[in-house]
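Colleague: All residue numbers for the sequence shown refer to the UniProt record's numbering, where the first residue is 1 and numbers rise by one.
Calculated from the structure, these hints are not laboratory results.
We treat Cβ as the ideally placed atom computed from N, Cα and C, and that holds for glycine.
A couple of the hints might just be wrong.
To be verified - Restraint ranges, calculated between C-beta atoms of paired labels, are given here:
{"hint": "1", "residue 1": "Gly99", "residue 2": "Arg201", "range": "19 to 25 Å"}
{"hint": "2", "residue 1": "Gly160", "residue 2": "Leu111", "range": "28 to 34 Å"}
{"hint": "3", "residue 1": "Ser153", "residue 2": "Glu190", "range": "35 to 41 Å"}
{"hint": "4", "residue 1": "Glu114", "residue 2": "Pro54", "range": "46 to 52 Å"}
{"hint": "5", "residue 1": "Lys184", "residue 2": "Thr143", "range": "23 to 29 Å"}
{"hint": "6", "residue 1": "Trp176", "residue 2": "Gly140", "range": "27 to 33 Å"}
{"hint": "7", "residue 1": "Pro54", "residue 2": "Lys107", "range": "30 to 36 Å"}
{"hint": "8", "residue 1": "Ile56", "residue 2": "Ser153", "range": "23 to 29 Å"}
Stated by the list, open to error - With a Cα cut of at most 25 Å, we get these calculated SDA-like pairs of lysine to any residue:
{"hint": "9", "residue 1": "Lys175", "residue 2": "Asn158"}
{"hint": "10", "residue 1": "Lys104", "residue 2": "Asp91"}
{"hint": "11", "residue 1": "Lys175", "residue 2": "Tyr204"}
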Amino acid sequence: MIYFTIAVKIVVGMIGVLFFLRISGKTQMAQLTPLDSVNAFVLGALVGGVIYSPDISAWLLVFSLAVWTCFNMSIRYLLRFKFMRRLIKGDTVMIVRNGQINMKEFKRNGLEMEQFRTLLREKGIFSMLDVDNVRFETNGQVTVSPRNSKSESYLLVNNGSLIMTSLDNAGKSEKWLRENLSRKGYHNIEDLFCVEWTPDRGFYIAKIDVNKNMADKDTTDIDN
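Produce the entire structure from the sequences given, and follow the hints as far as they go.
Modeller: Here you go:
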């Protein structure tokens, strides 16, 4: 009987975790952010602890997964707000700009030079002389712009919210962005799904259209 109970719990746990991943989105499998790490720990503890505990039924496992999923969805809703997003997920920061190391961000993220060089080597970069800009992503990886490479792009608006760190990394201000958007007829940033800016190429703008349930894009250049 105990073997049957364990088998049922394993199946229920597997289905529950797959359902959670389906609800929370595919980024759970593509990127590991602090929130994703917590999810992995909690899900592992829930499923693993319940499977081998004869006093806890499969229904309690379903209830636990349901509560955690609802709580997780609530947190993801809060991520729409800039303050909560920075608090929970953190920000992408520029740790190298124009070949110069940003010591404040370098130390704040607990990086050592040899550790940083290892991250660069994983990207095929073997010398700081070949580096122009380096971003430290929220998942602990780095995005490298080699020296003399093609201009990189900056995501300035995400789901109706300004990304101030991206503006700073691009060397632009909120006033500059709003003025450029206004020239194109976009007066409310909250109505924009995303705004991407690439030096020398201009903007990619996607506005949320609730009637079509999709984003309308505008790739016409705006003054740089």
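Colleague: Each hint: holds or not?
Modeller: The hints, checked one at a time:
1. Gly99 <-> Arg201: 19 to 25 Å: holds (23 Å)
2. Gly160 <-> Leu111: 28 to 34 Å: Taking Cβ atoms as reference, Gly160 and Leu111 lie about 32 Å apart, which means the hint holds.
3. Ser153 <-> Glu190: 35 to 41 Å: About 22 Å separates the Cβ atoms of Ser153 and Glu190, which means 35 to 41 Å is violated.
4. Glu114 <-> Pro54: 46 to 52 Å: holds (49 Å)
5. Lys184 <-> Thr143: 23 to 29 Å: holds (28 Å)
6. Trp176 <-> Gly140: 27 to 33 Å: holds (31 Å)
7. Pro54 <-> Lys107: 30 to 36 Å: violated (50 Å)
8. Ile56 <-> Ser153: 23 to 29 Å: Violated: the Cβ-Cβ distance is about 50 Å, outside 23 to 29 Å.
9. Lys175 <-> Asn158: holds (17 Å)
10. Lys104 <-> Asp91: holds (14 Å)
11. Lys175 <-> Tyr204: holds (18 Å)
Checked against the numbered hints listed earlier, the structure breaks hints 3, 7 and 8; every other hint is satisfied.
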